[in-house]
Amino acid sequence: MNELKKRDMNVRKSVISLLLGVTGGLGAFLATEAFVGREVRTPSRHELVGPGIKQVAYTQESSVVPEEGGRIDLRMAAKKAVPGVVHVKTIQMGREYTGNPFLGYFFGGNMQGREVPLTTGYGSGVIISDDGYIITNNHVIKEADKIVVVTNDKKEYEARLVGQDPNTDIALLKIEGEGLPYVEYGNSDDVALGEWVLAVGNPYNLTSTVTAGIISAKARDLGMNRGQMSLESFLQTDAAINPGNSGGALVNVKGELVGINTLIQSPTGAYSGYAFAVPVNIARKVVNDLKEYGKVQRGVLGIRMGELTPVLAEELGIRETSGIYVGEIMSGGAAQKAGMKEGDIIQGINGLEVKTTPEFYEQLGKFHPGSQIQLKIKRDGDEKIVDVTLQNSYGDTSVEKEEEFGVLGVKVAPLSKQDRLRYRLNKGVKITDIRSGKFKSAGLQKGYILVKINDTVIYDQDDLKRVIQSLENEGVFVTAVSPRGRVEYFAFSLID
Numbered sequence: 001m002n003e004l005k006k007r008d009m010n011v012r013k014s015v016i017s018l019l020l021g022v023t024g025g026l027g028a029f030l031a032t033e034a035f036v037g038r039e040v041r042t043p044s045r046h047e048l049v050g051p052g053i054k055q056v057a058y059t060q061e062s063s064v065v066p067e068e069g070g071r072i073d074l075r076m077a078a079k080k081a082v083p084g085v086v087h088v089k090t091i092q093m094g095r096e097y098t099g100n101p102f103l104g105y106f107f108g109g110n111m112q113g114r115e116v117p118l119t120t121g122y123g124s125g126v127i128i129s130d131d132g133y134i135i136t137n138n139h140v141i142k143e144a145d146k147i148v149v150v151t152n153d154k155k156e157y158e159a160r161l162v163g164q165d166p167n168t169d170i171a172l173l174k175i176e177g178e179g180l181p182y183v184e185y186g187n188s189d190d191v192a193l194g195e196w197v198l199a200v201g202n203p204y205n206l207t208s209t210v211t212a213g214i215i216s217a218k219a220r221d222l223g224m225n226r227g228q229m230s231l232e233s234f235l236q237t238d239a240a241i242n243p244g245n246s247g248g249a250l251v252n253v254k255g256e257l258v259g260i261n262t263l264i265q266s267p268t269g270a271y272s273g274y275a276f277a278v279p280v281n282i283a284r285k286v287v288n289d290l291k292e293y294g295k296v297q298r299g300v301l302g303i304r305m306g307e308l309t310p311v312l313a314e315e316l317g318i319r320e321t322s323g324i325y326v327g328e329i330m331s332g333g334a335a336q337k338a339g340m341k342e343g344d345i346i347q348g349i350n351g352l353e354v355k356t357t358p359e360f361y362e363q364l365g366k367f368h369p370g371s372q373i374q375l376k377i378k379r380d381g382d383e384k385i386v387d388v389t390l391q392n393s394y395g396d397t398s399v400e401k402e403e404e405f406g407v408l409g410v411k412v413a414p415l416s417k418q419d420r421l422r423y424r425l426n427k428g429v430k431i432t433d434i435r436s437g438k439f440k441s442a443g444l445q446k447g448y449i450l451v452k453i454n455d456t457v458i459y460d461q462d463d464l465k466r467v468i469q470s471l472e473n474e475g476v477f478v479t480a481v482s483p484r485g486r487v488e489y490f491a492f493s494l495i496d
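For the record, in the sequence shown the residue sitting at position 124 is 124 according to this note's numbering, with numbers rising by one throughout.
Check each hint, because a few of them may be wrong.
To be verified - Calculated pairs, PhoX-like style, for lysine-lysine (alpha carbon to alpha carbon, straight line, at most 20 Å):
1. 337 x 285
2. 295 x 411
3. 355 x 378
4. 79 x 146
5. 155 x 80
6. 452 x 465
7. 79 x 254
8. 295 x 285
9. 376 x 366
10. 440 x 465
11. 452 x 427
12. 341 x 378
13. 366 x 80
14. 355 x 341
15. 154 x 80
16. 218 x 366
17. 295 x 366
18. 384 x 411
19. 465 x 411
20. 376 x 341
21. 154 x 174
22. 79 x 174
23. 446 x 427
24. 355 x 218
25. 337 x 295
26. 411 x 440
27. 341 x 384
28. 427 x 411
29. 142 x 155
30. 440 x 452
31. 417 x 146
32. 427 x 378
33. 142 x 174
34. 285 x 218
35. 355 x 142
36. 291 x 452
Stated by the list, open to error - Computed beta-carbon distance windows for the label pairs:
37. 328 x 79: 50 to 60 Å
38. 319 x 435: 51 to 61 Å
39. 160 x 319: 49 to 59 Å
Keep in mind the hints are simulated off the structure, nothing from the lab. The C-beta atom is built at its ideal place from N, Cα and C for all residues, glycine as well.
Taking the hints into account, I'd like the entire structure generated from these sequences.
In structure tokens:
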């Protein structure tokens with residue numbers, strides 16, 4: 001009996017403890033509900049704390065868009081962007097020779113050669129359409145003989161180079177596919193300082209790597225293309241970017257593409273706090289031009305200009321302290337035809353403010369020859385709106401398609417690194433296609449390298465086009481290097 005009583009008392013204590021626990025838990029739940037105004041919150045899973053920002057709670061239900069108070073969730077942005085970012089592998093080919101050179105020298109016989117991969121490189125790219133167009137950096141692929149793209153699901157494709165633009169460091173690739181995941185375009189004009197962004201790419205061959213940071217600065221000019229038609233106007237970010245990230249995506253919290261990660265500024269060659277991306281509005285225009293025309297169409301205003309600073313304003317004796325100061329108007333140019341004058345100060349293009357040279361080039365770089373733009377200028381303290389029709393670099397408003405050069409009937413390309421080494425040339429363009437025309441009739445063929453026409457040395461396609469456009473009814477004397485490496489000469493007349 002005593003044993004039964006003891007066992008019964010133990011059961012009662014267990015039941016009482018259980019009831020107290022349930023009651024206490026329910027009381028705590030009701031008290032918490034009353035304290036937060038009847039709103040029940042799910043527990044935080046991850047926390048992000050940084051200088052000058054509030055603690056951020058990442059919850060399953062939180063919005064992908066930043067809200068008041070610092071709430072932000074970058075997971076959806078990563079989910080949308082990662083499948084559309086690819087690994088770009090480049091291969092340069094060389095020749096490997098077999099045989100014994102000593103025996104060949106004394107006893108005759110040729111060394112046997114075969115083409116083999118010589119060097120490989122890597123970078124990133126961004127799929128921008130479901131049929132396989134990919135943006136990357138020009139420096140990633142510029143000396144490649146073969147380009148291989150590996151998608152996020154590990155499929156490999158050989159890519160075709162559609163076009164490239166060294167001035168913006170943008171290149172366009174194409175792979176054959178359908179229904180591919182791609183990253184949607186955002187608007188880099190709307191990006192704000194302090195805005196959160198993700199860098200997506202393949203640093204050090206580590207595929208599908210995501211790093212987070214903020215926009216540290218806009219319209220950054222690093223002075224790399226001095227003397228050229230520079231379009232340097234980088235987005236600066238502190239998201240970690242390392243070798244292999246080049247050509248990858250910089251996306252906003254919606255997962256939209258706002259930049260193409262391009263370079264870092266570092267004493268060590270690795271990430272040390274600052275990285276730079278080409279704004280997507282520039283990249284998008286370059287890509288569309290490469291697809292439609294085969295080359296980038298640049299609208300030219302026809303002025304010599306400089307960035308106005310307080311020091312320069314004091315020297316010039318003017319009140320305005322920011323904007324683009326027009327120092328000279330080119331005769332026959334777009335600015336002169338629109339009525340612009342020396343001393344005008346450009347402060348806006350199509351309603352967007354421009355205070356610095358990079359901002360000016362970024363906005364101007366969106367337009368083609370023939371585009372009409374509105375400039376906000378200050379002249380003698382008065383504000384004016386001027387309508388300007390942009391021209392091309394040759395002084396008219398037509399776009400320039402990359403095609404045969406009229407009656408000459410050739411297409412050309414820059415020399416590859418392999419060609420420069422093989423022929424020991426630092427100049428010239430290589431004929432990649434030749435059709436009926438003066439060059440073919442004179443005996444030139446595909447594979448010949450054009451190094452000089454009359455007295456003009458040819459360094460690139462633009463040199464060739466300029467000299468051809470300058471020719472009138474005169475004789476043409478061509479200096480070329482044959483595929484065998486021999487210097488040959490060709491002469492013909494433009495008169496039929």
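Consistency of the hints with the structure:
1. Of the supplied pair hints, the one linking residue 337 and residue 285 is violated, its CA atoms being roughly 26 Å apart against a limit of 20 Å.
2. Our distance criterion of 20 Å between C-alpha atoms is met by residue 295 and residue 411, whose separation comes to about 13 Å.
3. This hinted pair checks out: residue 355 and residue 378 have alpha carbons roughly 12 Å apart, not beyond 20 Å.
4. In summary, the hint linking residue 79 to residue 146 is not supported, as the alpha carbons are separated by about 30 Å, beyond the 20 Å threshold.
5. Taking the CA atoms of residue 155 and residue 80, the gap is near 19 Å; set against the 20 Å cutoff, the hint holds.
6. Between residue 452 and residue 465 the CA atoms are separated by roughly 12 Å; this keeps the pair inside 20 Å, and the hint holds.
7. Note on residue 79 and residue 254: the hinted pairing holds, with a Cα-Cα distance of about 10 Å set against a maximum of 20 Å.
8. A C-alpha spacing of about 11 Å is found between residue 295 and residue 285, which places the hinted pair at or below 20 Å, so the restraint holds.
9. The straight-line distance between the Cα atoms of residue 376 and residue 366 is roughly 17 Å, inside the 20 Å bound, and the hint therefore holds.
10. Straight-line distance between C-alpha atoms of residue 440 and residue 465 comes to about 17 Å, which keeps the hinted pair within the 20 Å bound.
11. Restraint check for residue 452 and residue 427: the C-alpha separation of about 9 Å stays at or below 20 Å, so the hint holds.
12. Pair hint residue 341 plus residue 378 holds up; C-alpha atoms about 11 Å apart against a cutoff of 20 Å.
13. About 27 Å separates the Cα atoms of residue 366 and residue 80, which puts this hinted pair outside 20 Å; it is violated.
14. The hinted pair formed by residue 355 and residue 341 meets the criterion: a straight-line CA distance of about 19 Å does not exceed 20 Å.
15. In summary, the hint linking residue 154 to residue 80 is supported, as the alpha carbons are separated by about 17 Å, within the 20 Å threshold.
16. For a cut-off of 20 Å, the pair hint linking residue 218 to residue 366 stands: about 16 Å separates their Cα positions.
17. Straight-line distance between C-alpha atoms of residue 295 and residue 366 comes to about 14 Å, which keeps the hinted pair within the 20 Å bound.
18. Using a Cα cut-off of 20 Å, the hinted pair residue 384 and residue 411 is violated, with the two alpha carbons roughly 45 Å apart.
19. Note on residue 465 and residue 411: the hinted pairing holds, with a Cα-Cα distance of about 11 Å set against a maximum of 20 Å.
20. Taking the CA atoms of residue 376 and residue 341, the gap is near 13 Å; set against the 20 Å cutoff, the hint holds.
21. Distance check on the hinted pair: residue 154 and residue 174 sit about 17 Å apart at the alpha-carbon level, within 20 Å; holds.
22. For a cut-off of 20 Å, the pair hint linking residue 79 to residue 174 is broken: about 23 Å separates their Cα positions.
23. A distance of roughly 17 Å separates the Cα atoms of residue 446 and residue 427; the hinted pair therefore holds under the 20 Å criterion.
24. Between residue 355 and residue 218, the direct Cα distance comes to roughly 12 Å. Compliance with the 20 Å bound is thereby established for this hinted pair.
25. Among the hinted pairs, residue 337 with residue 295 is inconsistent with the structure: their alpha-carbon atoms are about 26 Å apart, more than 20 Å.
26. Between the alpha carbons of residue 411 and residue 440 the distance comes to roughly 12 Å, so the proposed pair stays at or under 20 Å and holds.
27. With a C-alpha separation of about 12 Å, the suggested pair residue 341 and residue 384 falls inside the 20 Å cut-off, and the hint holds.
28. A distance of roughly 17 Å separates the Cα atoms of residue 427 and residue 411; the hinted pair therefore holds under the 20 Å criterion.
29. A distance of roughly 23 Å separates the Cα atoms of residue 142 and residue 155; the hinted pair therefore is violated under the 20 Å criterion.
30. Among the hinted pairs, residue 440 with residue 452 is consistent with the structure: their alpha-carbon atoms are about 17 Å apart, no more than 20 Å.
31. Distance check on the hinted pair: residue 417 and residue 146 sit about 13 Å apart at the alpha-carbon level, within 20 Å; holds.
32. Simply put, residue 427 and residue 378 have alpha-carbon atoms about 45 Å apart, too far for the 20 Å limit, and the pair is violated.
33. Under the criterion of a C-alpha separation no larger than 20 Å, the hint pairing residue 142 with residue 174 is consistent with the structure, at around 15 Å.
34. Pair hint residue 285 plus residue 218 holds up; C-alpha atoms about 18 Å apart against a cutoff of 20 Å.
35. Simply put, residue 355 and residue 142 have alpha-carbon atoms about 33 Å apart, too far for the 20 Å limit, and the pair is violated.
36. Of the supplied pair hints, the one linking residue 291 and residue 452 is violated, its CA atoms being roughly 30 Å apart against a limit of 20 Å.
37. A hinted range of 50 to 60 Å holds for the C-beta pair residue 328 and residue 79, which are about 52 Å apart.
38. Separated by about 59 Å at the C-beta atoms, residue 319 and residue 435 satisfy the suggested range of 51 to 61 Å.
39. Evaluation of the 49 to 59 Å hint for residue 160 and residue 319 yields a pass: the beta carbon distance comes to about 55 Å.
Hints 1, 4, 13, 18, 22, 25, 29, 32, 35 and 36 from the earlier list are contradicted by this structure; the remaining hints agree with it.
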